[in-house]
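Enquirer: Take a look at the letters that make up each chain.
Protein chains: 2
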Amino acid sequence: MTTEQTLYKTFKSKIQEVADVNHAIAVLNWDQETYLPQKGAKIRAQQISTLAGIAHTLSIAPEIGDLLNKLGKSETLSDWDRINVKESLREYEKKQKYSKEFVVKLSAVTSECYQAWMKARSANDFQIFRPSLEKMVAIKREECELLGYEEHPYDALLDQYEPGAKTSELNVLFSDVHSQLVDFVKEISEQEQVKDSWMYQAFNKDSQWKFGLELLEQMGYDFKAGRQDISEHPFTTSFGSSDVRVTTRINPNNLYEMIWSCIHEGGHALYEQGLKSEDYGLPTGMYLSLGIHESQSRLWENNVGRSLPYWQVNYPRLQQLFSEQLKQVSLEDFYKSVNIVKPSLIRTNADELTYHFHIMIRFEIEKALIEGKITVADIPTIWNEKYKEYLNLDVPSDKQGCLQDIHWSHGSFGYFPTYSLGSFYAAQFYHQAVKDIDSLEKHIENGNMQPLLDWLRKNIHQYGRFFNADELCQHITGESLSFKYFMNYAKTKYKYIYNI
Amino acid sequence: MTTEQTLYKTFKSKIQEVADVNHAIAVLNWDQETYLPQKGAKIRAQQISTLAGIAHTLSIAPEIGDLLNKLGKSETLSDWDRINVKESLREYEKKQKYSKEFVVKLSAVTSECYQAWMKARSANDFQIFRPSLEKMVAIKREECELLGYEEHPYDALLDQYEPGAKTSELNVLFSDVHSQLVDFVKEISEQEQVKDSWMYQAFNKDSQWKFGLELLEQMGYDFKAGRQDISEHPFTTSFGSSDVRVTTRINPNNLYEMIWSCIHEGGHALYEQGLKSEDYGLPTGMYLSLGIHESQSRLWENNVGRSLPYWQVNYPRLQQLFSEQLKQVSLEDFYKSVNIVKPSLIRTNADELTYHFHIMIRFEIEKALIEGKITVADIPTIWNEKYKEYLNLDVPSDKQGCLQDIHWSHGSFGYFPTYSLGSFYAAQFYHQAVKDIDSLEKHIENGNMQPLLDWLRKNIHQYGRFFNADELCQHITGESLSFKYFMNYAKTKYKYIYNI
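Going line by line, the protein sequences match chains Y and V.
Residues in the first sequence are numbered from 1 upward in steps of one, following the working numbering.
Residues in the second sequence are numbered from 1 upward in steps of one, following the working numbering.
Honestly, I wouldn't trust all of these hints.
Chain Y side only, calculated, beta carbon under 10 angstroms to chain V, not exhaustive [said to hold, decoys possible]:
id, residue
1, I25
2, T34
3, K39
4, A41
5, S49
6, Q218
7, D222
8, R227
9, R245
10, D279
11, Y280
Rather than coming from a laboratory, the hints here were simulated on the basis of the structure.
In this text, a Cβ means the ideal position worked out from N, Cα and C, and glycines have one as well.
Produce the complete structure using the sequences and hints provided.
Expert: See the structure below:
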């Protein structure tokens with residue numbers, strides 16, 4: 001081996017050690033959400049915190065910095081290795097910017113803020129949350145300066161979830177949402193409403209569970225490299241691409257919760273199972289960004305899972321499992337019912353169109369807070385005004401308004417936009433997949449998801465962080481992210497459903 | 001706080017950090033045995049190995065040694081704190097005796113030995129195992145010298161599982177087994193055999209599962225601080241006393257496997273749940289020794305679980321669950337059938353009397369190997385001779401003979417005797433419990449296990465490692481461990497069952 005190869009090997013083993021600890025944390029978290037007995041919660045939190053401290057210490061070890069700096073000067077590394085060094089160095093240098101004092105302060109504020117949010121939500125009173133959230137916004141503004149940015153302070157926060165994303169680009173996307181989607185939703189809401197009363201009947205839990213597993217199997221989820229369990233909030237977690245787990249929730253009186261959590265989490269899981277196992281722990285073996293991760297879940301959930309071909313193959317089976325409940329419901333009616341558009345107050349219950357208004361509102365408020373153009377005290381008023389403007393809804397209480405999400409209490413500013421990015425990427429990728437794959441919808445209609453999965457594996461999954469999100473999008477579709485693909489998809493589909 | 005209190009607090013937080021990592025390893029192992037998907041095994045092994053390395057590094061940190069040495073000189077620590085310092089220092093100094101070279105060599109030999117054992121067992125050929133086992137015995141003899149001992153080199157190995165135990169004491173115990181139990185079992189085998197044909201019928205798995213949970217509940221196992229799952233080999237694991245989990249195995253054609261694994265593991269789990277949660281990670285918050293741990297499982301499994309009062313309360317429920325299979329079987333017959341004594345080749349299937357012959361044979365062979373009085377090549381012949389002598393059985397193959405246990409391939413020399421110690425302690429403790437608790441057997445007959453559990457909590461669980469095993473035994477029963485209690489228990493019970 002050359003000296004460089006030896007250095008690279010050492011770097012790889014060090015960074016994989018960090019990955020091992022982080023994946024152990026993921027196992028502890030998974031267990032916490034699925035099987036942890038009640039009294040085990042306190043000690044588990046301590047164990048996770050200890051491991052997190054160890055992972056952090058290992059990841060900022062000066063030895064790793066030395067290795068990366070030496071390797072960064074190399075001119076003989078392969079493209080793949082060079083990206084791994086570059087991305088790891090970027091991460092390493094970012095972590096170095098945080099002083100111990102800052103980390104301790106952020107952790108204390110987060111803990112306080114979360115407690116306050118819990119109390120405020122339960123009391124339905126934003127004022128209880130306000131003082132802590134003010135501290136959080138202040139420290140987040142501090143964090144922007146500490147991390148640095150070129151154009152806009154909010155870019156520094158965005159970068160943590162969506163590396164390279166810019167506030168200016170989001171401004172363009174959301175101005176398109178504003179100018180095109182708001183009116184289209186208004187038009188939809190003036191049409192005759194779609195029926196979905198059959199959604200709310202008793203559905204046997206075991207049959208639901210069975211159907212969910214069948215959908216995952218059909219998507220190509222590898223049950224030898226994963227499993228599904230039950231948790232309060234569905235999630236996907238990875239302990240390495242050979243062990244990627246999903247959870248679901250089953251509501252005995254609402255069939256749809258389980259169906260869409262299975263498909264959504266299944267999409268996330270296919271991405272993680274498709275990452276290169278030989279690049280475990282390295283950037284090229286990791287998901288690219290939250291937006292790209294969400295593009296994989298949304299593509300399966302919406303572009304595939306809410307399409308007519310998908311239900312052409314799956315509805316007969318569903319009718320067989322729930323013959324009593326669904327015997328009067330035609331495929332056409334069922335298909336329409338899974339695509340109802342209706343403005344509502346709670347983000348997590350929103351349909352695939354009005355969802356983006358929820359995100360836009362949060363983005364606008366976060367940006368203004370970071371810019372210092374509004375204060376925390378202004379949030380409830382602005383929130384409610386925007387819900388009136390974009391969704392034509394009156395917010396009856398903070399609980400159903402600005403207290404509904406946990407994110408700000410965790411300090412996750414810059415996170416929400418990745419949800420919309422996910423849907424917009426999904427639409428653009430899916431548009432390309434339809435062009436690239438012969439008779440894609442015919443395959444789906446036959447229950448053959450393999451051509452689509454192969455396409456995703458080849459174009460997205462295998463790359464990990466080899467490209468950044470914009471490069472990936474250009475590599476696949478020949479252009480940067482554009483809202484027009486989502487809008488075209490929405491118009492084609494919903495004009496049909498609502499007879500516009 | 002005084003300087004000493006500050007030092008003690010620092011020591012405690014350091015040692016609890018190690019405990020956090022070790023318990024995280026336990027979670028990863030638990031998941032591996034219960035829910036791990038097939039392809040996840042390889043990366044999981046790597047993650048566990050990384051965490052084990054981290055735990056080791058943390059536990060031998062010079063800072064801990066400094067703290068312990070300073071605290072060891074203190075004269076103002078409480079008794080409890082003093083024991084924690086003393087025991088931690090003992091552990092710390094023991095770990096310091098292992099050079100890195102030795103650890104690496106031991107790990108390589110263990111890995112080789114395990115592979116060889118797997119192959120040998122599958123091929124039913126001890127010669128495949130022999131060369132690796134020779135290396136293992138050699139390195140174990142080296143380990144005895146490295147660790148040091150006062151009387152006998154084997155003491156150094158025993159001490160790893162049963163701190164303070166001496167070969168000389170085991171010689172006395174097993175000479176009692178030899179002189180008293182061998183003849184008694186011979187006498188039993190001359191009596192009319194007890195029937196148990198109903199054991200081998202089809203038993204619904206869900207009903208078995210349900211009954212097992214009821215037994216655990218009745219014992220006082222806290223399901224809010226634990227849970228039961230299914231695994232190939234039943235085990236108990238602790239992530240702290242507020243999260244102690246058991247597993248069981250259900251054989252649809254043999255009712256007894258599930259019943260005794262539940263009671264046995266339940267006994268282990270009650271011990272772990274009874275450890276002081278405020279002493280998490282400290283010696284006084286840990287199980288005392290493997291022998292004492294086993295005393296808790298054996299006491300519940302045999303002294304309680306194979307007693308008539310226990311089935312007086314539980315047999316009616318079992319008959320209710322399996323009315324078809326058990327309707328012809330009287331309580332008396334059922335009770336006798338769970339106490340059949342019959343020499344057999346495989347240790348893990350042995351009854352509670354002949355079990356100790358299996359252990360005695362392994363103890364005698366291990367001791368002679370460490371003394372250098374026999375060689376590895378002698379094992380099969382000696383093994384088979386001893387099975388003939390003590391159990392009057394011909395060993396038809398190495399697979400059913402000296403290749404049956406995994407322990408030697410892991411390097412676990414000195415481990416087997418703790419199984420017998422467990423039963424002997426159990427008999428002595430239970431004898432005392434009957435004296436101390438008013439109408440104990442009446443309580444059991446009524447399904448009220450609380451008085452017994454309270455007694456175990458008060459006399460054993462709460463102490464952790466405050467006493468050593470001999471001190472504990474004296475503290476509870478007024479004397480050191482003696483075989484006579486087990487022998488009396490055995491005679492009383494089996495004379496009745498076999499009409500002697």
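Enquirer: Does the closest beta carbon of chain V sit nearer than 10 angstroms to the beta carbon of R245(Y)?
Expert: holds, 8 angstroms
Enquirer: Holds or violated: is there a CB of chain V closer than 10 angstroms to the CB of I25(Y)?
Expert: holds, 8 angstroms
Enquirer: Verify the interface restraint on K39(Y): the C-beta must sit less than 10 angstroms from at least one C-beta of chain V.
Expert: holds, 4 angstroms
Enquirer: When the nearest CB of chain V is found for Y280(Y), is that gap smaller than 10 angstroms?
Expert: holds, 7 angstroms
Enquirer: Against chain V, is R227(Y) within 10 angstroms by beta-carbon distance?
Expert: holds, 5 angstroms
Enquirer: Closer than 10 angstroms between Cβ atoms is the bar; does Q218(Y) clear it against chain V? Give me holds or violated.
Expert: violated, 18 angstroms
Enquirer: Could you check if D222(Y) really has its C-beta closer than 10 angstroms to a C-beta on chain V?
Expert: holds, 7 angstroms
Enquirer: Is the interface hint satisfied for A41(Y)? The criterion is a beta-carbon contact with chain V at less than 10 angstroms.
Expert: holds, 8 angstroms
Enquirer: Checking hints one by one. Is D279(Y) an interface residue toward chain V, by the C-beta closer than 10 angstroms rule?
Expert: Violated, because the Cβ-Cβ distance from D279(Y) to chain V comes to roughly 13 angstroms (cut-off 10 angstroms).
Enquirer: Hint check: is the beta carbon of T34(Y) less than 10 angstroms from a beta carbon of chain V?
Expert: T34(Y) check passes; min Cβ-Cβ to chain V is 9 angstroms, inside 10 angstroms.
Enquirer: Let's test the interface hint: is any C-beta of chain V closer than 10 angstroms to that of S49(Y)?
Expert: holds, 8 angstroms
Of the numbered hints given earlier, the model fails hints 6 and 10; all others are met.
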